[in-house]
Amino acid sequence: MKNLTSATIEIITSCNFKCPHCYLDNKTSAGLGVNEWKIVINKLMLKGCRKLIITGGEPLLNKDFISLYTFIHQQGLEISLFTNASLMTEKHFELFGKYPPSSVSVSIYGKNNSELIGFAKNKRANLDRIMSNIVRLEQLGITMYKGLTLCKSISVSSTDLAFFSENKIEINTYLIPSLNYQNNLNERLEPNEIVRIENELAMKRIIKSDNLAMDNLDYFKKCSGGYSSLFIDQFGRASICAIYRKKQYNIIDGNINDVWAELNSISEQLHKIYYGSKCGQCVLNATCRNCPAYMVLEHGEYKNKYLCDLASARMNYN
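Numbering (my numbering), first residue to last: 4 to 321.
Watch out, some of these pointers could steer you wrong.
In the DSBU-like style, the derived pairs of lysine-lysine whose C-alpha atoms are separated by at most 35 Å in a straight line are [claimed, not checked]:
| hint | residue 1 | residue 2 |
| --- | --- | --- |
| 1 | 281 | 308 |
| 2 | 94 | 66 |
| 3 | 149 | 114 |
| 4 | 94 | 5 |
| 5 | 155 | 124 |
| 6 | 155 | 101 |
| 7 | 275 | 249 |
| 8 | 171 | 101 |
| 9 | 155 | 114 |
Hints listed in this document are in silico derivations from the structure and should not be mistaken for laboratory results.
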């Protein structure tokens, strides 16, 4: 059995933004209290966990965020925070100055306030404030990652792409289906449009045209879900990752060793199923998001026309 080294905790699913591409489908505010989260953290540490990703929803909406974050940092855990950076106050900057996270990842949608307001469906959304908050975090010596997921509600003209490039905003071209199965897929760009953008941003992947052996499948091979990492939702239910939630285990009431053993087993089963599928053996899978968890959301199958068309478009562009 592999050792647990890192975990992601989804401390809330509520968000002050209503982004049309979001994969979360149950955006409720209810969840574990700070004392219950402390039980979870202690169990993770007993299993060897030393790195923690805090995510949501928008984590800063959790009323216990500051006390929970402080507790986690004081345990000596390395923290990475995922946030939209729109709700930061002086208390948060004081917190991060005293207990700095190893990194903060911020999603940025639009190149001005008007575009962000329209995308996030929040009249209070302010891109200038977000960018200013990012600068303040950088001044604290915190490593920042900025990114966005391409979708139809985001303008992708050459001017837009230049803005993203100049501000070092990393572009993700894969829009994850929502957990309630594809309610957000009308936001996906067509495969040829994605390939055009990838190449304009010099993001084209280097792929091989020959058959890829199982041990050469780079993307899925790097997956740590159920092997060295796990995911815990706001109710304390553990799964191998945030995407694959078909099998979850109560980490508060359950034995952490038993939970980890079950997640190890699930990951091994998914690997076997995937590598025996058409998708796992496809000659184009180096250009594809070849992951069993994603495939489950793609019509619950291991061969999906959209992803196949995207892989072919990438290959044909060469």
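Against the structure, the hints:
1. 281 - 308: holds (12 Å)
2. 94 - 66: Distance of about 13 Å is within 35 Å: holds.
3. 149 - 114: holds (13 Å)
4. 94 - 5: Measuring from Cα to Cα gives roughly 39 Å; hence the hint is violated.
5. 155 - 124: holds (15 Å)
6. 155 - 101: violated (40 Å)
7. 275 - 249: This hinted pair holds, its Cα atoms lying about 17 Å apart.
8. 171 - 101: holds (27 Å)
9. 155 - 114: holds (15 Å)
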